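A.B. asks: Could you build the full structure based on these sequences and the hints that come with them?
As they're listed, the protein sequences go chains V and F.
The opening position of the first sequence corresponds to residue 2 in the numbering used here, with each subsequent residue numbered one higher.
The opening position of the second sequence corresponds to residue 2 in the numbering used here, with each subsequent residue numbered one higher.
It is possible that some hints are incorrect.
Pairs involving identical chains hold if they fit within one copy or between any two copies, as the list cannot separate such chains.
Straight line, CA to CA, 25 Å or less: simulated SDA-like cross-link-like pairs of lysine to any residue [unchecked claim]:
{"id": "1", "residue 1": "Lys54", "residue 2": "Gly34"}
{"id": "2", "residue 1": "Lys71", "residue 2": "Ile84"}
{"id": "3", "residue 1": "Lys123", "residue 2": "Ser25"}
{"id": "4", "residue 1": "Lys62", "residue 2": "Ser133"}
{"id": "5", "residue 1": "Lys95", "residue 2": "Pro151"}
{"id": "6", "residue 1": "Lys4", "residue 2": "Asp23"}
{"id": "7", "residue 1": "Lys147", "residue 2": "Gln19"}
{"id": "8", "residue 1": "Lys62", "residue 2": "Glu156"}
{"id": "9", "residue 1": "Lys147", "residue 2": "Ser133"}
{"id": "10", "residue 1": "Lys102", "residue 2": "Asp47"}
{"id": "11", "residue 1": "Lys107", "residue 2": "Phe163"}
{"id": "12", "residue 1": "Lys3", "residue 2": "Gln19"}
{"id": "13", "residue 1": "Lys3", "residue 2": "Asp47"}
{"id": "14", "residue 1": "Lys102", "residue 2": "Pro151"}
{"id": "15", "residue 1": "Lys107", "residue 2": "Leu121"}
{"id": "16", "residue 1": "Lys147", "residue 2": "Pro20"}
{"id": "17", "residue 1": "Lys147", "residue 2": "Gln169"}
{"id": "18", "residue 1": "Lys147", "residue 2": "Leu24"}
These are computed hints drawn from the structure, not numbers from a lab.
Computed from a prediction, not measured in an experiment: that's the story for all the values here.
There are 2 protein chains.
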Amino acid sequence: MKKLILYIATSLDGYIAQPNDDLSFLSRVQQPGEDYGYADFVATVDTVIMGRKTYDWVMNKVPEFPHADKAAYILTRTERPRIGNTTFYTGNLKDLVLRLKQEDGKHIFCDGGAEVVNELLKEGLLDELIISVVPTLVGNGTRLFKDGRPEQELELVSARAFESGLTQLHYRQAVHN
Amino acid sequence: MKKLILYIATSLDGYIAQPNDDLSFLSRVQQPGEDYGYADFVATVDTVIMGRKTYDWVMNKVPEFPHADKAAYILTRTERPRIGNTTFYTGNLKDLVLRLKQEDGKHIFCDGGAEVVNELLKEGLLDELIISVVPTLVGNGTRLFKDGRPEQELELVSARAFESGLTQLHYRQAVHN
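C.D. replies: Here is the structure:
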């Protein structure tokens, strides 16, 4: 079955953005020739799930949607016409994820933002989390993890420290026998 | 100069306790013969700073204060008589820390809780953070990092993954030239 995988960067104090969607703290770990495994990860997925706010933020920054080659589902409450492989999805998130997991092919990338991540965690739908911890305390902003989710036990798959001080923690849902 | 070092455990979603000061998630990583470097760390300190609520919580659980052999400062708004080396400190936190850092000897251990940690971060007084990330999402509780602190850049000293899935991330304040 396809797995739904979160791949995201956060500050040590748990924020994915500073106020006003400021992501400048990520520049601290930008180094030539170091993508922190992103290209290798993206090669394992053929489907993307993303929140509408994150999508609009990205589209404001880049000329072309970076996931145009994949089946992308943008979660929104407002209908928009499909653009190529990109579908604006107004239905039930759990239904979508359970359907996508049944399809053949590669895995599913959850590319944020925090609202979608927390909805997926509430439903227990995230199979793996790959979290890149940037060595900084930003002090304020949008938290990756919001209050009011169920408990979920995890297993550590790997922990990697990089030259820049970024540490990448990879977890999967713990399997109960 | 003595350094002030935070040594603390948190869930992956950033909580140091579940509601009602429930620390049972820590039991997931309790393994015979594995103290995650705690004894080695404690051997490097001769002074402890701790919040009053954390102190009372500890004293409710154990017959004897675990830091009775060190100079301990319990931060409180209500005066209490000194007990051996343990002082209940009602003065200014920054004054205390700056004074202690000037003394000779080993380092200073910040043993929580979240209120004290966040006050120290607001004042830029924590020199190092050793954070043990427990592989679980607890969903709710007392956050290690509260909103409304200044930005602080860090340098990664080390990252260690343990058999249990706990990862220990060790940072120090970044030095600016």
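A.B. asks: Would you list, in rising numerical order, the hints stated earlier that this structure does not obey?
C.D. replies: 1, 6, 8, 11 and 12
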